[in-house]
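Q: Residue-level listing of the chains:
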Amino acid sequence: MKKFTTICIVLFCLIYGVILAGGAISHVPASLEYEAATSAAVTVKSGSTATTGTSTTQSNTSSTSQNTGTTATTYSVTDVATHSSSTNCWMIVSTKVYDVSAYISTGSHRAGNSAITPYCGKDATSVFGVHNSSGYSVLSGYYIGTLK
Amino acid sequence: MNQTLKRFFGTIIVLLPVLVLLAIWVTVLPYSIRFANVSMTLLTIGRLTGLVGLALYAISLVLHVRIRPLSRIMDLAYISSLHHDLGSWALVLLLIHPLVLAISYIQMGWYFAARFLIPIDNLVNLAGLLALVVMALAMLVTYYYKANHTLWLWVHRSMLVAYFGAFLHLLFVTSDTSASPLLKYYLLFLMAAGAVAFAYQRISRL
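Protein chains in written order, with our numbering: chain Z, 1 to 148; chain F, 1001 to 1206.
Where hints are given, some of them may not hold.
[Said to hold, decoys possible] DSBU-like mimics (lysine-lysine), calculated; alpha carbons at most 30 Å apart, straight line:
1) Lys3(Z) - Lys1006(F)
2) Lys96(Z) - Lys1184(F)
3) Lys1146(F) - Lys122(Z)
4) Lys1146(F) - Lys3(Z)
5) Lys122(Z) - Lys148(Z)
6) Lys96(Z) - Lys1146(F)
7) Lys96(Z) - Lys122(Z)
8) Lys1006(F) - Lys122(Z)
9) Lys96(Z) - Lys148(Z)
[Claimed, not checked] Chain Z side only, calculated, beta carbon under 10 Å to chain F, not exhaustive:
10) Thr5
11) Ile9
12) Leu20
13) Gly112
14) Phe128
15) Gly129
No lab work stands behind these hints: they were computed from the structure.
All C-beta atoms in this analysis are idealised placements derived from N, C-alpha and C, irrespective of residue type, glycine included.
Using the sequences and the hints given, assemble the complete structure.
A: Listed below in structure tokens is the structure:
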């Protein structure tokens, strides 16, 4: 066990070094690529009161400044439940309502769209808890209101 | 009951908390999400190794105290060897934990994988990484440096610093533990048991 653990520590250092070296020599501006990938999805939502699929998914309720989130529109659980398809997908996370249809259309979720669609029209608070702060940051771009 | 059978049952009892942990863990997220693709599978493996490694770390700490009911089942030499083996396995799993998570980031770009391993802007991950470094160094010293027993003892005890770092990491990290309060509090309970065992042993020696 002593030798095995020591070998594991050495391997850990080697792989750690390889990844750091890979990050150092990677000349692709990955940060920009990632920020673009995450914020592009956010921008699609936040700047599109009259374009893409977002407007179609907000037809049954009043929608004043929904995309900016400055005036919180309230929705009932029943309202949210009517948006339960992948092209018209609302979900509840911590009593806030999000329209993630545009995000689904980008197909940028790490686990694929199939990780999101089962929660369309439902409360996804418990499952969403696995995300880190950047996950919440992306989600905030899809905020449309709060739960009644 | 012969000695081998006693040891077998003893090992099962000792590992029971890990089995409970796994039972809770499987209920947190559906398999379709956990193993949706290579990246998610790596993420799942990375998270799981962290959880099991931490549980083994806590159990190993509990085992360093002489627990009477357990010593009736297994001889002290075997309990001591279990303490060492579980501690070593805990370290191995905890070493795998950040590496597999970093590898899962490679598909986004090497930059992100590297940034994950240098978490200067993420105190929670930094606490976990520092804890791992302290644990690995302390383990190496306890393996290979036995010339000065007092120093050896202090270095071995420094693993408690690593334990505290791991505790902070567990408390604040967003992962399966943040999605499932049951999983989080169960692991915190195991860690508290380890800390109480350590404190008990220190006090009983005063």
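Q: Need the status of pair Lys1006(F), Lys122(Z): alpha-carbon distance at most 30 Å?
A: The given pair, whose Cα atoms are some 50 Å apart, is violated under the 30 Å limit.
Q: When you check the alpha-carbon spacing of Lys1146(F) and Lys3(Z), does it fall within 30 Å?
A: Within the cut-off at roughly 16 Å; holds.
Q: Take the C-alpha atoms of Lys3(Z) and Lys1006(F), compute the straight-line distance between them, and say whether it is at most 30 Å.
A: holds (28 Å)
Q: Would you settle whether the hint for Gly129(Z) is holds or violated, based on the nearest Cβ-Cβ distance to chain F being less than 10 Å?
A: holds (3 Å)
Q: Within 30 Å, alpha carbon to alpha carbon, are Lys96(Z) and Lys148(Z)?
A: Given pair Lys96(Z), Lys148(Z) holds - Cα atoms ~9 Å apart, limit 30 Å.
Q: Mind checking the CB of Gly112(Z) against every CB in chain F and telling me if the closest is under 10 Å?
A: holds (5 Å)
Q: Report holds or violated for the interface hint on Leu20(Z), using the least CB-CB distance to chain F and a cut-off of 10 Å.
A: Because about 5 Å separates Leu20(Z) from the closest Cβ in chain F, which is inside the 10 Å limit, the hint holds.
Q: Given the hint that Lys96(Z) pairs with Lys122(Z), test it: the Cα-Cα distance must not exceed 30 Å.
A: holds (11 Å)
Q: Let me know if the C-beta of Thr5(Z) comes in closer than 10 Å to any C-beta of chain F, holds or violated.
A: holds (5 Å)
Q: Taking the closest Cβ pair, is Ile9(Z) under 10 Å from chain F?
A: holds (5 Å)
Q: Checking hints one by one. Is Phe128(Z) an interface residue toward chain F, by the C-beta closer than 10 Å rule?
A: holds (8 Å)
Q: Is it true that the CA of Lys1146(F) sits at most 30 Å from the CA of Lys122(Z)?
A: Violated, because 59 Å separates the two Cα atoms, which is more than 30 Å.
Of the numbered hints given earlier, the model fails hints 3, 6, 8; all others are met.
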